[in-house]
Amino acid sequence: MTDDELVRLARAGDAGAFDQLVVRHQAAVFRATLAALRVREEAEEAAQDALVRAWQNLGAFRGDAAFRTWLLSIAWNRALSRRRSIGAWFARRAPIEAADHVRGDGAGPHEVLRGQDLARHVAAAIERLSPKLRDALLLAQSGDYGYDEVAAMLKVPVGTVKWRVSDARRRVKQQLAALGYMDGD
Amino acid sequence: MDPLDSRDLDGVIDDVARRMTGADVPRDLRSAVASRLASPAPWTIGWRTGVAAAAVAALVVVAVVMRPAPEPQRSQTVADTGGARAATSPVGAVPDAPQSLTSSEMQAGAIRRASRPVARQTIDDAEVAGIVDISPVAIVPLEGDDEDDEDTVLTLSHVVEIAPIDVEPVRINGLELVE
Chain A
1 MTDDELVRLA RAGDAGAFDQ LVVRHQAAVF RATLAALRVR EEAEEAAQDA LVRAWQNLGA
61 FRGDAAFRTW LLSIAWNRAL SRRRSIGAWF ARRAPIEAAD HVRGDGAGPH EVLRGQDLAR
121 HVAAAIERLS PKLRDALLLA QSGDYGYDEV AAMLKVPVGT VKWRVSDARR RVKQQLAALG
181 YMDGD
Chain B
1 MDPLDSRDLD GVIDDVARRM TGADVPRDLR SAVASRLASP APWTIGWRTG VAAAAVAALV
61 VVAVVMRPAP EPQRSQTVAD TGGARAATSP VGAVPDAPQS LTSSEMQAGA IRRASRPVAR
121 QTIDDAEVAG IVDISPVAIV PLEGDDEDDE DTVLTLSHVV EIAPIDVEPV RINGLELVE
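From first to last, the protein sequence lines are chains A and B.
Residue 1 is where the first sequence starts when you use our numbering, and the numbers rise one by one after that.
Residue 1 is where the second sequence starts when you use our numbering, and the numbers rise one by one after that.
Check each hint, because a few of them may be wrong.
With the Cβ distance kept under 8 Å, some of the chain A side facing chain B (calculated, not the full set) [what the hints assert, rightly or not]:
{"hint": "1", "residue": "Val23"}
{"hint": "2", "residue": "Leu34"}
{"hint": "3", "residue": "Ala35"}
{"hint": "4", "residue": "Val39"}
{"hint": "5", "residue": "Arg40"}
{"hint": "6", "residue": "Leu51"}
{"hint": "7", "residue": "Gln141"}
{"hint": "8", "residue": "Ser142"}
{"hint": "9", "residue": "Gly143"}
{"hint": "10", "residue": "Leu154"}
{"hint": "11", "residue": "Val158"}
{"hint": "12", "residue": "Gln175"}
{"hint": "13", "residue": "Leu176"}
{"hint": "14", "residue": "Ala178"}
{"hint": "15", "residue": "Tyr181"}
A few chain A residues that don't get close to chain B, going by computed Cβ distances all over 12 Å [unchecked claim]:
{"hint": "16", "residue": "Glu5"}
{"hint": "17", "residue": "Thr33"}
{"hint": "18", "residue": "Ala43"}
{"hint": "19", "residue": "Arg83"}
{"hint": "20", "residue": "Lys132"}
Under the rule of at most 16 Å between Cα atoms (straight-line distance), these lysine to aspartate or glutamate pairs were calculated in the EDC-like manner [unchecked claim]:
{"hint": "21", "chain 1": "A", "residue 1": "Lys162", "chain 2": "B", "residue 2": "Asp14"}
{"hint": "22", "chain 1": "A", "residue 1": "Lys173", "chain 2": "B", "residue 2": "Asp8"}
{"hint": "23", "chain 1": "A", "residue 1": "Lys173", "chain 2": "B", "residue 2": "Asp28"}
{"hint": "24", "chain 1": "A", "residue 1": "Lys162", "chain 2": "B", "residue 2": "Asp10"}
{"hint": "25", "chain 1": "A", "residue 1": "Lys155", "chain 2": "A", "residue 2": "Asp117"}
{"hint": "26", "chain 1": "A", "residue 1": "Lys173", "chain 2": "B", "residue 2": "Asp24"}
{"hint": "27", "chain 1": "A", "residue 1": "Lys155", "chain 2": "A", "residue 2": "Asp64"}
{"hint": "28", "chain 1": "A", "residue 1": "Lys132", "chain 2": "A", "residue 2": "Asp167"}
{"hint": "29", "chain 1": "A", "residue 1": "Lys173", "chain 2": "B", "residue 2": "Glu176"}
{"hint": "30", "chain 1": "A", "residue 1": "Lys162", "chain 2": "A", "residue 2": "Asp148"}
{"hint": "31", "chain 1": "A", "residue 1": "Lys173", "chain 2": "A", "residue 2": "Glu127"}
No lab work stands behind these hints: they were computed from the structure.
Since the structure is predicted, the reported quantities are computational estimates derived from the model, not experimental observations.
For each residue, glycine too, the CB sits at the ideal point set by N, CA and C.
Work out the full structure, taking the sequences as your base and the hints as a guide.
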């Protein structure tokens, strides 16, 4: 059954149909909120808010865009609202431990440690980016969204998303160069 | 150059960015959403109650504001006030005020009185050594400049009536300073 068919059933009050939509898209919703909030608990709350709000506002879905794109826009807006709140802002912290799992490409223990150092520096450099650049980079590189979906979430043209991702990479590399990491290209 | 330093930084950036958003979906996300859809959250109930209370309060305010005002009987009231004032006022600003004035006449009188300059009265015998003199204050309308106001009265004849305000002289005897 397609999303459109499930949406039609859900609009008629079929909670089971909406549950199917949740199953299909909860991962994309959660990762979008995680990209904005960077804290798992906050992201989970925002994802719940987004899915509940989507159910409540199904009547407003006109079908101009895909249901998934519409849902991701709601999720991103909910995450941004939460990010703007002071409490969430202070509670936010960078999940830099995620960078520890960057592989060493078959290197020995010393190289693995150095690789983890590099990954930490990259994560810290990404955290220091402006929100616009950081959001574009994290969403685009998550592997879950196409550029058109990222553009819909950020409410900018696709070209702007691409430019922001490119600029984000450039600025991260600048920070790494200051630490002595050179690009092999 | 170190092999790790020379590897493709773009690849590392992409890898780290992917891991920063690549967490597993919470297992209970679906069930949490289902339970929230089944029962409205407590804060939602409170929010709706607050909105309902605010709506009722707004309706009450609108009803009070929109209530038609009782028909005023201003001409009779003002005429009566003016007559009583003419009889009892120590200032005597309107010595020959008629008992029944028209609305425009009352307006003119009110405007003349409001525009008159005032003077301060002093009491000469308060100059006693050792006693601080606080000048008594009395406001007395000055006479003789009514002619200058005639034009103003004519041009402002459409002004809403203002009831005359009695200003009576107040005398404050000297206050003794205690060392």
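Evaluation of the provided hints:
Given the 8 Å rule on beta carbons, the hint for Val23/A holds: about 6 Å separates it from the nearest Cβ of chain B. For the restraint placing Leu34/A at the interface with chain B, the shortest Cβ-Cβ distance is roughly 5 Å, inside the 8 Å limit, so the hint holds. The closest approach between the C-beta of Ala35/A and any C-beta of chain B is roughly 4 Å, which is under the 8 Å cut-off, so the hint is satisfied. About 10 Å separates the beta-carbon of Val39/A from the nearest beta-carbon of chain B, more than 8 Å, and the hint is not met.
About 6 Å separates the beta-carbon of Arg40/A from the nearest beta-carbon of chain B, less than 8 Å, and the hint is met. Hint on Leu51/A holds. Least Cβ distance to chain B is approximately 5 Å, under the 8 Å limit. Given hint, Gln141/A at the interface with chain B, holds; its Cβ is 4 Å from that chain's nearest Cβ, closer than 8 Å. For Ser142/A, the interface hint holds, since its Cβ comes within 8 Å of a Cβ in chain B; the closest pair sits about 4 Å apart.
For Gly143/A, the shortest C-beta to C-beta distance to chain B is roughly 6 Å, which falls under 8 Å, so the interface hint holds. Annotation: Leu154/A was flagged as interfacial toward chain B, and the flag is violated, the nearest CB pair being 15 Å apart, outside 8 Å. Nearest Cβ of chain B to the Cβ of Val158/A: about 19 Å, over the 8 Å cut. The hint is violated. Because the closest C-beta pair between Gln175/A and chain B is about 11 Å apart, greater than 8 Å, the hint is violated.
Interface restraint check: Leu176/A against chain B, minimum CB-CB distance 6 Å, threshold 8 Å, status holds. Against a cut-off of 8 Å between C-beta atoms, the interface hint on Ala178/A is violated, since the closest Cβ of chain B lies about 13 Å away. A cut of 8 Å between beta carbons decides the hint on Tyr181/A: the least distance to chain B is about 5 Å, and the hint holds. Distance check on Glu5/A: its Cβ is at least 20 Å (rounded) from any Cβ of chain B, clearing the 12 Å threshold; non-interface status holds.
With 12 Å as the threshold on Cβ separation, the claim that Thr33/A sits away from chain B is violated: the shortest Cβ distance comes to roughly 10 Å. Distance check for Ala43/A against chain B: the nearest CB is about 8 Å away, which does not clear 12 Å, and the non-interface claim fails. Non-interface call for Arg83/A relative to chain B: holds, since the shortest CB-CB distance, roughly 14 Å, exceeds 12 Å. Look at Lys132/A: its CB is around 15 Å from the nearest CB on chain B, clear of 12 Å, so calling it non-interface holds up.
For the hint linking Lys162/A to Asp14/B, the alpha-carbon distance of about 14 Å falls within 16 Å, and the restraint holds. Restraint check for Lys173/A and Asp8/B: the C-alpha separation of about 11 Å stays at or below 16 Å, so the hint holds. Our distance criterion of 16 Å between C-alpha atoms is broken by Lys173/A and Asp28/B, whose separation comes to about 38 Å. For the suggested pair Lys162/A and Asp10/B, the alpha carbons sit about 15 Å apart, so the restraint of at most 16 Å is met.
Between the alpha carbons of Lys155/A and Asp117/A the distance comes to roughly 35 Å, so the proposed pair goes past 16 Å and is violated. For the suggested pair Lys173/A and Asp24/B, the alpha carbons sit about 28 Å apart, so the restraint of at most 16 Å is broken. The straight-line distance between the Cα atoms of Lys155/A and Asp64/A is roughly 15 Å, inside the 16 Å bound, and the hint therefore holds. For a cut-off of 16 Å, the pair hint linking Lys132/A to Asp167/A stands: about 10 Å separates their Cα positions.
Distance check on the hinted pair: Lys173/A and Glu176/B sit about 86 Å apart at the alpha-carbon level, beyond 16 Å; violated. Proposed proximity of Lys162/A and Asp148/A is supported: the alpha carbons are some 10 Å apart, at most 16 Å. In summary, the hint linking Lys173/A to Glu127/A is supported, as the alpha carbons are separated by about 13 Å, within the 16 Å threshold.
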